[in-house]
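J.: Chains as they are written, first to last, in this note's numbering: chain A, 1 to 311; chain B, 1 to 336; chain C, 1 to 309.
Hints are computed from structural coordinates only; laboratory data are not their basis.
All C-beta atoms in this analysis are idealised placements derived from N, C-alpha and C, irrespective of residue type, glycine included.
Treat the hints with care, as some may be off.
[To be verified] Label-pair distances were calculated between CB atoms; the ranges are:
1) Arg201/A x Arg298/B: 43 to 49 angstroms
2) Trp158/A x Leu63/B: 51 to 57 angstroms
3) Gln281/B x Gly196/A: 22 to 28 angstroms
4) Gly196/A x Ser193/C: 37 to 43 angstroms
[As the list claims (entries may be wrong)] Simulated pairs of lysine-lysine, DSSO-like, Cα-Cα distance not exceeding 30 angstroms:
5) Lys125/A x Lys7/C
6) Lys139/B x Lys7/C
7) Lys224/C x Lys205/C
8) Lys203/B x Lys224/C
9) Lys7/C x Lys82/B
In case you want the letters, here they are:
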Amino acid sequence: MKPASAGSRSERRRSGGWLMRIVRDPTALFGVLVLALLVAAALFAPIIAPLDPNKQDLAARLLPPFYAEGGSAEHLLGTDQLGRDVLSRIVHGARISLTIPLVSVTLAGVFGTAVGLLAGYRGGKTDAFIMRIVDTLFSFPGLLLALTILAVVGPSFWTLAIVLSLRIWMVFARMTRGLVLSAREAEYVEAAELVGASPVRIMLRHIAPNLTAPLLTLAVLESAHVILSEAALSFLGLGIQPPQMSWGLDVAIGRQYVFSAPWLIIFPGLAIAVAVLGINLLAGWLRVAADPQESAKRFAAAADAPSAWSG
Amino acid sequence: MIRSDHLLEIRNLEVVFPTRDGTVQAVRGVSLTVDAGDSLGIVGESGSGKSTLARAALGLIELPGRIAGGEILWKGRSLLDKRVARRIRGREISMVSQDPMASMSPILTIGTQMTEVMTRHLDIGSREAFTRAGDLLEKVGIPDPGRRLGQYPFEFSGGMQQRVVIATALSCDPMMLIADEPTTALDVTTQAQILELISSLQKDLGLALVLITHDLGVVAGACDLLKVLYAGEIVESGTADQLFHRPRHPYTAALLGSTPRLDVKADRLVAIEGHPPDLRQVSIGCSFTPRCPHATTRCASASPVLQPSEAGRAYACWNPLNGREGPGPSHGEGRA
Amino acid sequence: MGRYLLKRLSQAVLVVISVMVVVFVVTRLIGDPVAVMLPLEATEENRALLEAQLGLDRPILTQLADYVADAVRFDLGDSLWQRRPAMDVVLERLPPTLLLVAAGFAFGVLLGVVIGVVSGMRPGGWVDRAAVTFVLLGVSLPQFWIGLVFIVFFSVGLGWFPTSGSGGIEYLVLPGVVLGLPVVGRIALVTRSSMIDELNTQHVKDATARGVSRARIVMVHAMKGAGIATITIAGWELIGVLAGGAVVVETVYAWPGIGFTAMQAIERHDIILVQAVVFVVAIMVVTINIIVDIAYTMLDPRVKFDRVS
Ligand SMILES: Nc1ncnc2c1ncn2[C@@H]1O[C@H](COP(=O)(O)OP(=O)(O)OP(=O)(O)O)[C@@H](O)[C@H]1O
Ligand SMILES: [Mg+2]
Chain A
1 MKPASAGSRS ERRRSGGWLM RIVRDPTALF GVLVLALLVA AALFAPIIAP LDPNKQDLAA
61 RLLPPFYAEG GSAEHLLGTD QLGRDVLSRI VHGARISLTI PLVSVTLAGV FGTAVGLLAG
121 YRGGKTDAFI MRIVDTLFSF PGLLLALTIL AVVGPSFWTL AIVLSLRIWM VFARMTRGLV
181 LSAREAEYVE AAELVGASPV RIMLRHIAPN LTAPLLTLAV LESAHVILSE AALSFLGLGI
241 QPPQMSWGLD VAIGRQYVFS APWLIIFPGL AIAVAVLGIN LLAGWLRVAA DPQESAKRFA
301 AAADAPSAWS G
Chain B
1 MIRSDHLLEI RNLEVVFPTR DGTVQAVRGV SLTVDAGDSL GIVGESGSGK STLARAALGL
61 IELPGRIAGG EILWKGRSLL DKRVARRIRG REISMVSQDP MASMSPILTI GTQMTEVMTR
121 HLDIGSREAF TRAGDLLEKV GIPDPGRRLG QYPFEFSGGM QQRVVIATAL SCDPMMLIAD
181 EPTTALDVTT QAQILELISS LQKDLGLALV LITHDLGVVA GACDLLKVLY AGEIVESGTA
241 DQLFHRPRHP YTAALLGSTP RLDVKADRLV AIEGHPPDLR QVSIGCSFTP RCPHATTRCA
301 SASPVLQPSE AGRAYACWNP LNGREGPGPS HGEGRA
Chain C
1 MGRYLLKRLS QAVLVVISVM VVVFVVTRLI GDPVAVMLPL EATEENRALL EAQLGLDRPI
61 LTQLADYVAD AVRFDLGDSL WQRRPAMDVV LERLPPTLLL VAAGFAFGVL LGVVIGVVSG
121 MRPGGWVDRA AVTFVLLGVS LPQFWIGLVF IVFFSVGLGW FPTSGSGGIE YLVLPGVVLG
181 LPVVGRIALV TRSSMIDELN TQHVKDATAR GVSRARIVMV HAMKGAGIAT ITIAGWELIG
241 VLAGGAVVVE TVYAWPGIGF TAMQAIERHD IILVQAVVFV VAIMVVTINI IVDIAYTMLD
301 PRVKFDRVS
């Protein structure tokens with residue numbers, strides 16, 4: 001009796017496909033929803049945002065959010081020192097929080113993966129040389145150096161995106177190299193090499209498929225880091241510059257009113273936190289979903305505690 | 001306390017492991033007894049449930065696995081009771097496992113890992129435990145024990161390390177030793193030495209020994225009694241002599257056929273054809289049916305139970321081999 | 001061990017020099033240091049004067065050679081803002097940073113290890129689920145924001161701690177906690193997963209079979225193994241705290257350390273002073289790396305000095 005019922009449940013569990021698997025897992029669902037919200041806000045900001053984020057209204061300065069005394073439905077999350085609508089600014093701020101990681105992680109991912117492939121595939125001296133550089137860069141004082149570069153070169157969207165990608169490409173290089181090295185040890189790759197398949201073919205047919213899932217997971221995870229770094233740099237005044245909008249920048253502006261108008265920092269900060277949390281959860285779920293061993297472990301843990309986290 | 005006249009008595013034990021793809025029934029209704037000074041061999045292919053049985057006897061089935069039925073009694077006390085099991089483990093029953101290099105922490109010294117067991121179970125301090133550990137190493141044939149105690153497992157060879165593991169298992173003067181494939185990870189000459197060591201220690205100390213292996217050749221000399229395990233069930237039991245020379249269950253015969261023997265020069269090792277059954281879907285008939293050369297329709301529809309037969313032996317088979325038949329159909333008798 | 005250390009030290013010097021070369025290249029070649037340093041209304045003569053004063057009118061390679069040679073002698077030039085050797089300013093502001101970093105890092109590592117061990121002992125249990133949630137928040141909340149929220153809540157709202165500045169221990173609490181919070185999260189995650197791995201090893205199973213107590217298995221067998229995995233991460237975290245977190249947290253709390261100083265220097269276009277901060281931090285980073293390597297070797301008997309390199 002027992003094995004039969006357990007079997008059919010696992011059938012259902014597997015048959016749903018990716019979408020069902022996401023919907024079944026509250027953490028993944030949260031991550032996906034956050035990401036969807038972010039994308040929607042970034043694409044349709046002018047439609048979604050109730051007001052023009054840059055429209056000043058000096059008569060309506062520093063209005064509190066709707067729940068506080070003096071708050072109104074017109075400015076749900078209050079207004080800043082120039083009477084601009086906080087909610088609208090947060091909706092528009094999503095653009096930067098989406099585009100900066102997109103650009104930085106793509107740059108870093110492409111470059112880092114290429115370098116990692118080269119090191120892992122060529123091996124020998126090339127590998128040693130590349131990895132020496134990568135290791136050296138890992139011992140660089142990251143954020144401080146980024147600050148210095150931004151201060152000298154001058155902050156802008158592109159300098160920010162490039163500096164942030166310079167900080168993380170090594171992570172991709174290191175992971176790719178490791179994956180290539182272990183994939184090359186696999187028998188079928190050795191066999192393909194023996195029968196004289198071309199390096200490009202081996203790379204594309206046999207090695208690349210092993211790279212996709214872990215690199216994708218890494219990219220998602222690094223996006224969370226990039227959002228946090230962008231926010232921190234913008235907060236310090238060396239990231240996004242007005243009149244462009246960024247959540248970190250809004251927190252920096254609100255900082256002067258931290259005692260009288262705390263909502264100016266609370267809500268943009270919450271936006272950062274929710275975005276990063278969602279992406280982190282998604283990355284965690286991806287890692288487990290892409291790794292059968294890890295999923296089996298999760299199952300065992302869930303059997304241990306009946307009402308496990310992922311339900 | 002349940003009445004039991006034996007040192008260890010296992011009654012109808014069932015162990016299951018729920019997994020994502022169904023529940024594995026690793027041990028299915030095994031019963032056996034071990035008395036003081038006995039030497040029992042448990043033989044079976046990989047996956048037949050030998051280790052699970054051994055771990056169950058130490059109260060070590062971990063989640064998600066669980067004991068679905070049956071009893072395990074140690075001197076009449078149930079080892080299903082965690083507190084009882086905890087007191088008895090290492091103190092009265094000890095275990096030696098397959099891979100000596102993986103059996104001890106690589107980052108703690110041999111001395112630390114030998115003495116931590118003694119200071120817990122015996123009423124002695126750490127200095128006394130170290131002296132005792134040194135004596136034990138000497139006894140299992142490790143020279144210069146004083147220096148060796150300060151070393152780490154990776155500084156030992158496989159055979160030496162297995163001696164250390166055995167010494168540790170014996171450090172609290174247990175009454176029973178369970179050795180789960182103690183020689184599988186070792187090379188052939190070392191295997192013989194370790195087996196000899198276990199046998200001689202068993203006789204010297206009057207230990208009860210449960211020796212688990214997939215290799216009938218290993219248990220032949222070391223054990224008086226044998227039990228053959230297939231797909232979580234005991235399919236045949238008897239003395240080593242009986243099973244070796246007159247196997248009744250086709251599986252035992254097949255196992256003999258796949259065992260290199262010293263007295264018969266075989267050209268090649270004959271592996272048993274086919275695969276053991278999927279333990280997630282247990283059939284209603286005899287689980288050996290698909291691989292059995294003597295199977296009939298009856299075998300597929302009804303499961304034979306372990307029947308006692310002549311001279312204390314027992315087997316679970318509808319069509320047992322003739323007792324006078326030679327060992328295994330696939331085994332040539334004479335020299336080529 | 002002596003030869004190994006010598007090798008590591010020379011590598012470290014190389015790293016510091018390459019950091020400084022990168023800074024040099026960025027400031028002199030990509031950026032225009034004079035333009036950054038000068039006020040907007042500066043004339044062409046002001047510009048030439050400053051260039052001459054900084055030696056920027058010489059060939060670029062001469063400049064680089066001099067610059068590295070000076071840096072090796074710990075001479076990074078005079079701070080434009082403070083009008084005294086930049087190194088003096090940095091060394092003066094270093095102790096508060098060290099205090100803050102030590103406090104935040106200690107808090108982060110201690111709490112992280114405790115959380116990681118406790119949740120790794122029973123993965124999936126309620127303690128574990130609570131811990132993982134907390135840890136996820138710790139690594140997802142922006143540090144500067146937590147800093148400000150803490151000020152709103154604990155300083156302004158409850159009046160427990162001063163809002164900013166330095167002085168007695170009460171000034172250290174909020175910035176220390178904020179600095180350590182992401183460390184708690186990441187250390188806890190690593191400790192947790194290595195505890196889970198350790199507790200699933202064959203040798204832990206066999207130790208249980210030998211009759212070693214659960215407490216000893218967790219506290220000695222598993223924790224020593226997990227500690228080896230955690231120490232590398234702890235080293236990275238310390239570097240992150242020093243080179244990143246401290247700048248942000250010091251700025252939020254106006255803590256008079258080198259991070260805050262770097263931000264002030266940037267505001268005042270004092271590139272020389274910023275360079276000096278980067279230099280000192282780079283030295284500390286490579287030192288931490290060496291210490292981590294040595295600690296690793298001492299904890300793990302399988303790694304010997306001659307095999308590390
Ligand atoms: N933790 C577990 N989770 C799921 N299944 C398990 C677990 N432990 C054992 N099993 C299953 O139980 C069955 C018996 O395993 P066991 O390790 O006892 O076999 P064995 O006879 O010792 O084999 P071997 O000779 O390979 O050591 C196998 O089918 C195995 O897959
Ligand atoms: Mg086994």
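J.: Hint by hint, note whether the structure agrees.
T.: A quick look at each hint next to the structure:
Remark: the range hint 43 to 49 angstroms for Arg201/A to Arg298/B is contradicted by a beta-carbon distance near 56 angstroms. A beta carbon spacing of about 53 angstroms between Trp158/A and Leu63/B agrees with the range 51 to 57 angstroms that was offered as a hint. For Gln281/B and Gly196/A, the Cβ-Cβ distance of about 45 angstroms falls outside the hinted range of 22 to 28 angstroms, so the restraint is violated. For Gly196/A and Ser193/C, the hinted distance range of 37 to 43 angstroms is satisfied, since their beta carbons lie about 41 angstroms from each other.
The suggested pairing of Lys125/A with Lys7/C holds, with an alpha-carbon distance near 19 angstroms, which does not exceed 30 angstroms. Restraint check for Lys139/B and Lys7/C: the C-alpha separation of about 46 angstroms exceeds 30 angstroms, so the hint is violated. Restraint check for Lys224/C and Lys205/C: the C-alpha separation of about 16 angstroms stays at or below 30 angstroms, so the hint holds. Annotation: proposed proximity of Lys203/B to Lys224/C is violated, straight-line Cα distance about 38 angstroms (limit 30 angstroms).
About 54 angstroms separates the Cα atoms of Lys7/C and Lys82/B, which puts this hinted pair outside 30 angstroms; it is violated.
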